[in-house]
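Visitor: One letter stands for each residue in the lines below.
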Amino acid sequence: MTKNITCVTCPMGCSITVELNDGGEITSITGNTCKRGEAYAKNEITHPQRSLATTVRVEGGEHAVVPCKSSSPLPKEKIFDCMKEINAARVNAPVELGDVLIKNVCETGVDIVATNHCY
Amino acid sequence: MLSYDIVIVGGGPAGMAAALKARECGIDSILIIERAESLGGILEQCIHTGFGLQYFGEELSGPEYADRFIKQVNEQGIEFKLDTMALEITDDNVVYAVNKQDGLLEIKAKAVILAMGCRERPRGALNIAGTRASGILSAGTAQKYVNIDGYMPGKKVVILGSGDIGLIMARRMTLEGAKVECVCEVMPYSSGLTRNIVQCLDDFGIPLYLSCTVIDIHGKDRVTGVTIANVDENRRPIPGTERYIECDTLLLSVGLIPENELTRAVGIELDPVTSGAIVDEMRETSKEGVFACGNVLHVHDLVDFVTLESQTAGEGAAAYVQGKKTKGDRIATKGVGAVRYIVPQKINLNANDDVKLFFRVGSAFKNATVKVKYNGEEIISRKRPRLAPGEMENVIIKKDMLSSFSKDGVIEISVEV
Chain G
-9 MTKNITCVTC PMGCSITVEL NDGGEITSIT GNTCKRGEAY AKNEITHPQR
41 SLATTVRVEG GEHAVVPCKS SSPLPKEKIF DCMKEINAAR VNAPVELGDV
91 LIKNVCETGV DIVATNHCY
Chain H
-5 MLSYDIVIVG GGPAGMAAAL KARECGIDSI LIIERAESLG GILEQCIHTG
45 FGLQYFGEEL SGPEYADRFI KQVNEQGIEF KLDTMALEIT DDNVVYAVNK
95 QDGLLEIKAK AVILAMGCRE RPRGALNIAG TRASGILSAG TAQKYVNIDG
145 YMPGKKVVIL GSGDIGLIMA RRMTLEGAKV ECVCEVMPYS SGLTRNIVQC
195 LDDFGIPLYL SCTVIDIHGK DRVTGVTIAN VDENRRPIPG TERYIECDTL
245 LLSVGLIPEN ELTRAVGIEL DPVTSGAIVD EMRETSKEGV FACGNVLHVH
295 DLVDFVTLES QTAGEGAAAY VQGKKTKGDR IATKGVGAVR YIVPQKINLN
345 ANDDVKLFFR VGSAFKNATV KVKYNGEEII SRKRPRLAPG EMENVIIKKD
395 MLSSFSKDGV IEISVEV
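Residue numbers (the working numbering), protein chains in the order written: chain G, -9 to 109; chain H, -5 to 411.
Any given hint might turn out to be false.
[To be verified] Calculated pairs, EDC-like style, for lysine to aspartate or glutamate (alpha carbon to alpha carbon, straight line, at most 16 Å):
| # | chain 1 | residue 1 | chain 2 | residue 2 |
| --- | --- | --- | --- | --- |
| 1 | G | Lys66 | H | Asp196 |
| 2 | H | Lys138 | G | Glu86 |
| 3 | G | Lys68 | H | Glu52 |
| 4 | G | Lys25 | H | Glu52 |
| 5 | G | Lys68 | H | Glu170 |
| 6 | G | Lys66 | H | Glu52 |
To be clear, the hints were calculated from the coordinates, so they are not data collected in a lab. Being a predicted model, the structure only gives us computed values, none of them experimental.
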C-alpha cells in the first residue's frame, strides 16, 4: 500500500511517499529532503504527533494572556484534552519567556512553556 | 532637530535586522521608529511555531523569533522610539514623526530604511454585497483579539481567503472551541503553504472550497450567515451554485498590501505588481539614500527571508552613509510569463557579491524548469519539482557573470514546463 503525506515539519512541505507491505510495515520512504521528514513520515503512519501553540490566562499582567507552546510534539488525539487543561489554568504575572507554565500536561510528559514575557 | 546617520521606520523583524546589520557595519547613530507599544511587529501576535527554521535552524514561535532580535537591539544600545508614528519623509531625508511624549519630531537622517511592513486588504476592497453587521473581521485582527487580548470574536466562523493567516486562524479558532464551517478561496489553488493546509485544515476536517467565494453577507446587528458560490475562470459567481452557510463571524484573509504611503508621498518609484518600491540589489530605492526591506518591499512568506533581505538593506545603508556605496551601472530584471515579479528590479553590474533574485509565480507548476536569460540567451536553468504562487523562489546570479553584462541588457526569468 502507498500513502502520500505532506511533511509539516518545516515550511518546505515536502510530499513524502510511504510504501507499506501487507503487514502494515514501512518498506520505503521517499520524497523527503531531510532526516526530519523521514522521522515525521514514520510517526505519521504509526503515531501522529503535533506541536501545540496557544495562550494561557495571566492574572495581573499587561495583557490578558501569554502565548505558550508544547515543549515537544503531543499525541495528535490528545490536543483537545490539552487545550481544556491549558484553558483552565491561570498564571500570575510576571511571566518570562521560557517559563514552564504547566508541567506534564494531560500526563503526556510534555510541558507547556511561555513563548513571550508578560509583565 | 534630531540627527541620526540612519533612521529606520518600523521596528518589526525587518527594521530590527536592518538596524543590527548597520550597527555591525560600524554605524553608531541609528534610530528605529515604531508605531506599536513594543518592538517585534506582527510577530508578537503570530504565536504559532514555524519561524526561524531557515535562519536559526530551530522552530520558534513569532514572539520567540522577535525576542532574539529585541534582545540584540537592547544589547547593542540601538535607540528606538515606541508609540511613535512616522508621518512624512521629505525630499532631503528629514523624517517627521509624532508621539505623546515628544510631540512632533523632526529627524534629519543621512539614510532612511523603510521597514513599515504590510497591512491586510479590507472588506471595502472586495465589493462583497450585504449588510454592515458586526462579526466581519480581517484574520489578523481576529488573531490579535485571540492571541494578545484573550478574546474570542466568534463561535461559528467562515473564512474567506486561504492565505497563511486565514489557515492559521482556522486552526486557532478551532482549538479555542469555535466551529470553522469552511475556508473559501476564489482562486483554483490556495496561496498558503501546503503544510498549513495539512496541519490547519485537514487535521481538523475543515473543508477548503477552491474557486469559491462569499457573494452576500446576512445579518442586521450581527452576522447571521453568508452566501457562497462557485466562480468561473474569470472569478465570476456561477448562477445556481449559491448556498447559504449559517455563521456569526466572517474572517477575511484576502491578501496583504505593503504599507507604502510614506514611500509614495516622497515620490519613490513603486512596482505595480509588488506594490513596493523598485530597488537594486542593496535594496536602495529610486531615491538615493532611502532603502526598503521586508514586507513593505514585497510580501514574504517566511520571516527568515525578511531578516536576510533586511540585513542586505542595513549593509547598503551603512555603506551609503560611509561613502562606500558601490558605483556602477544597473541592469534591469524582468519576470516573463508566469513569473509575476522579481526583487530586486535592478542590479549593479559591479555588485560586490553574488545576487539572489527572489521571484513569485502566478500559478502552480509541477516538474518545471526555471530559466534565466540574458538578452534572450539562457544563462541558468534550474529544475523545480513544484512551484506555487504562495512560495517565493530564488535564483543566484554570480557576480562574475554580472560583470560581463551591459547596462542596456535585461535579465529575464521564466518558467518552462
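Visitor: For each hint, tell me whether it holds in the structure or not.
Guide: Now for the hints, and whether the structure bears them out:
| no. | hint | in the structure |
| --- | --- | --- |
| 1 | Lys66/G x Asp196/H | holds, 13 Å |
| 2 | Lys138/H x Glu86/G | violated, 20 Å |
| 3 | Lys68/G x Glu52/H | violated, 24 Å |
| 4 | Lys25/G x Glu52/H | holds, 14 Å |
| 5 | Lys68/G x Glu170/H | holds, 14 Å |
| 6 | Lys66/G x Glu52/H | violated, 21 Å |
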